[in-house]
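Residue numbers (the working numbering), protein chains in the order written: chain A, 70 to 389; chain B, 40 to 216.
Hint data in this document are derived by calculation from the structure and do not stem from the laboratory. Any given hint could turn out to be false.
Stated by the list, open to error - Subject to a maximum C-alpha distance of 27 Å in a straight line, what follows is the list of computed BS3-like cross-link-like pairs (lysine-lysine): (1) A:K216 to A:K122; (2) B:K195 to A:K153; (3) B:K193 to A:K153; (4) B:K66 to B:K193; (5) B:K196 to B:K66; (6) A:K274 to A:K217.
Unchecked claim - Listed next, with one range per pair, are the computed distances between beta-carbon atoms: (7) B:L87 to A:A154: 47 to 55 Å; (8) B:T63 to A:F184: 27 to 35 Å; (9) A:W327 to B:D81: 31 to 39 Å.
Predicted model only: the values in this text are computed from it and were never measured. Ideal Cβ positions, reconstructed from N, Cα and C, are used throughout, including at glycine.
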Amino acid sequence: MREEIIVSGRMNPMVDPLLNIWHWQIPLYLFLGGLAAGILFFAALYFINGKEKEYPSVVRMAPFITPFLLILGLIALFIDLRHKAFFWQLYVHIRLQSPMSWGAWTLMVITPVSFIWCALHIRDLFPAWDWKFTWLKDLEQFFNRNKKAVAWVMLLYSIVLGIYTGILLSAFNARPLWNTSILGPLFLASGLSAGAASILILSRKKSERKLFAKIDLILIGIELFLIIHMFMGFLASTQVQIDAAKMFLGGPYTMSFWIFVVILGMIFPAILEIMELRRFHIPAILPAILVLFGSLMLRLIVVHAGQASRWLYLFEIHKQ
Amino acid sequence: MRYAMAVDTKKCVGCSDCVVACQTENKVPIGYCRDWVVEVIDGTYPQLEAEIRSERCNHCSNAPCVRCCPTGASHIVNGGIVLVTPGKCIGCGACIASCPYDARYPHPEGYVDKCTFCQHRIVKGMIPACAAVCPTRCIYFGDLDDPNSDVSVKLKKRKSKTLIPEAGTRPQLYFLI
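Excised from the complex, chain B in its bound form (with noise of 0.2 Å):
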């Protein structure tokens, strides 16, 4: 099993209702935020593009905040999933140094919090809170080993890519292009 997400960049309108779903559903602390949305301007006037991007942890099947860890409080669970747990976390800021996209944060209570793929609800079945509440439905998720999965059938049909996939570390957050 190898659980990854798709985000259709032509689709997206950057509402930011995934941020707020996400902050409602795992109840992530006022002012801080797992996922986030990215606008990009390309080019030069007037030939220019835009992108816009929904973003949050890559959840890296090489994943270099799980190998710098000094506790093993971060941690990746069946699917691929990178957790991390806040009794072995002692909150020294090396897995939030190592992550090439900045997707982990310092909880105010002190461990390192970061996106879980909503995994409390993955395992009820349900699909994280972002893909489930996006108004144009430009989130696609599911297991990559299961050809038929939303995110399988997306990723065959459309071009796509990952976030610096150079920095080694690759990552199971693809966007469509």
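Next comes chain A alone, as it looks inside the complex (with noise of 0.2 Å):
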């Protein structure tokens, strides 16, 4: 038996006795960033296959909602950090060894080119829109002709934005539960997920939902298969890594993973896809409120729990 105690009494807050440093902000941010960027995706992938009249809720109408959905993960960014006042040092510094750089980088990037994509179908909210301004007339007709740039610049900074919401936890191999690379390809996939089921609840024509239910049911299953892999990988791994999948497999996280974010998030909304596309009549919202759910639910578990895997200290006496 092996047994560390703090003598001194260290007790730093938010640090001891669990790492407690990211709250909700963190989380709430990774999904809403994971949402937008799953919309900003499918409405670039959309324009750029010419499929806009076919499709218009997703390449016209869901994008509307990322500019709020990227404002208030910002908002949520701007709580989290305790130095408030020199939040700009973020834009004076390019770290290319920073997750959190690339992430604020992006953003920089993909706000306002979702500002952007909006103020181009604005008319399709509004139809009697006016600029008012000239130069704000030249600057839309600007980018309407280059309309196809815009699209690219979002299709690609959309997936940067989706993957880098995992790949800013997994770049912590102090938290063996984070330090895995599977993190970014599952939020991404997650991110999509959650957008699919945005584009759900917002579209009105029966061959885009459809369409979507299919595409969610496809990324539901690679997010299983990636939660998986991520496990089987933890328990081939070394201790603490073996130790990080344990809290999830008869740990204090394993009710709420496998509830709320496997069965309620995936599964259950998963039965309900299937069953709607098998023409059972089933709200289309109730599956898409799971999923954005589940989504919400994965990233505050993961934040959360990752913070109580460590390499010191374990609380936990480990029989040699």
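Take the two lone chains, each set in its own frame, and fit them into one complex as the hints suggest.
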């Protein structure tokens, strides 16, 4: 038996007894960022493929909520900062080794792009819209001429945003639960699935809803595969990662993760979507809301549990 | 130049004088600490072994906190000392999450704080406060590149270890065992 006690009484707030530096703000931001990335990805993809007329809510409608999602996410990020007056320091440095620096600059690109995309479709919402100033009209014409380029930038940066939300965590080798490269693709798949779910809620067209129910099903399948793959990887890894996996396989996060994320957030909505595709009458909003809920819970639980997984000062006594 | 510290686990009695000295020297806010003492009990009764360690930032050669800092507030200065510039720190917490030794904490004023190896004393030719006050003289400090420094001499003579070297951080806080 091995027992380690911090006898000097170390009790640094937010670090002891377990790390608790990131509360609800970071997971909420990771969710909103992933969701916005999902919506913008599909909008750009279907515009580039010339399916604008076929799937209008994907290309023209759904992106209207992304500026709000991104701004809410940025507010959450700002609330998380403890030295707020210095936030501008993020934008005077480019640090290639820091995922957080990558994220800050990615948001600097994708947020304006999401505004531009909305501005280009503002007449869908307000047919009598007038920009009032000629330079704004000129700007709209300029972006309208280069809409394909805007779409490509949006496509690329939405993938970067979706993946980075996972890489942000996986770059920390100090937290064995986060230290897996599966987290990048898992959060990307989850963000795309949340994006597809919001399109399901917003769409009024049957063909569109059918397509996105199918897309969402595939994405849920990928997520389940990645989750199984992640735990297989943990269990075949070092003791600290085996311990990290055990937090979800009998440990304190078992119930919340498997019930809220996997069953309610993935398997149950997948069953509902299959039934809907088989022409059962199911309100489309139900599986979509479950997917969004599962996507948020995934981030909340992974961010929280990751901070409890560590190398030193293990609170559980390990029998050797 | 490569500053390092070695703590003699056979001599340390766990009095926590190093902790208090650091808090006083560096005006660490009440309720926080930059260094601390850990007591490890290993074995099954009656065959028990105890180890006492005075721990702090490991001033890693491959420092994850410096790598993940988005603004460059966490940086390495001459001699391999890892420091934080409060005026550049945004308090995002990335470095705190990235430290496998949990050696950093959020200062009540917002920026992130940690052990500096008492850099302000070293530049004057003194040793860190924790090493200076230790009543059993079990903390050795010096330059690893200088074969005659206290720390080099001790590390040559005695068996030593670092904490979780498998985390890939190349820590520079040694424990004589």
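Against the structure, the hints come out as follows:
1. A:K216 to A:K122: Since the Cα atoms of K216 (chain A) and K122 (chain A) sit roughly 15 Å apart, the hinted pair holds (cutoff 27 Å).
2. B:K195 to A:K153: Given that 27 Å is the threshold and the Cα spacing comes to 47 Å, the pair is violated.
3. B:K193 to A:K153: Since the Cα atoms of K193 (chain B) and K153 (chain A) sit roughly 45 Å apart, the hinted pair is violated (cutoff 27 Å).
4. B:K66 to B:K193: Violated - the C-alpha atoms of K193 (chain B) and K66 (chain B) are around 30 Å apart, more than 27 Å.
5. B:K196 to B:K66: Violated, at about 35 Å.
6. A:K274 to A:K217: 25 Å, holds
7. B:L87 to A:A154: 47 to 55 Å: 51 Å, holds
8. B:T63 to A:F184: 27 to 35 Å: 53 Å, violated
9. A:W327 to B:D81: 31 to 39 Å: 35 Å, holds
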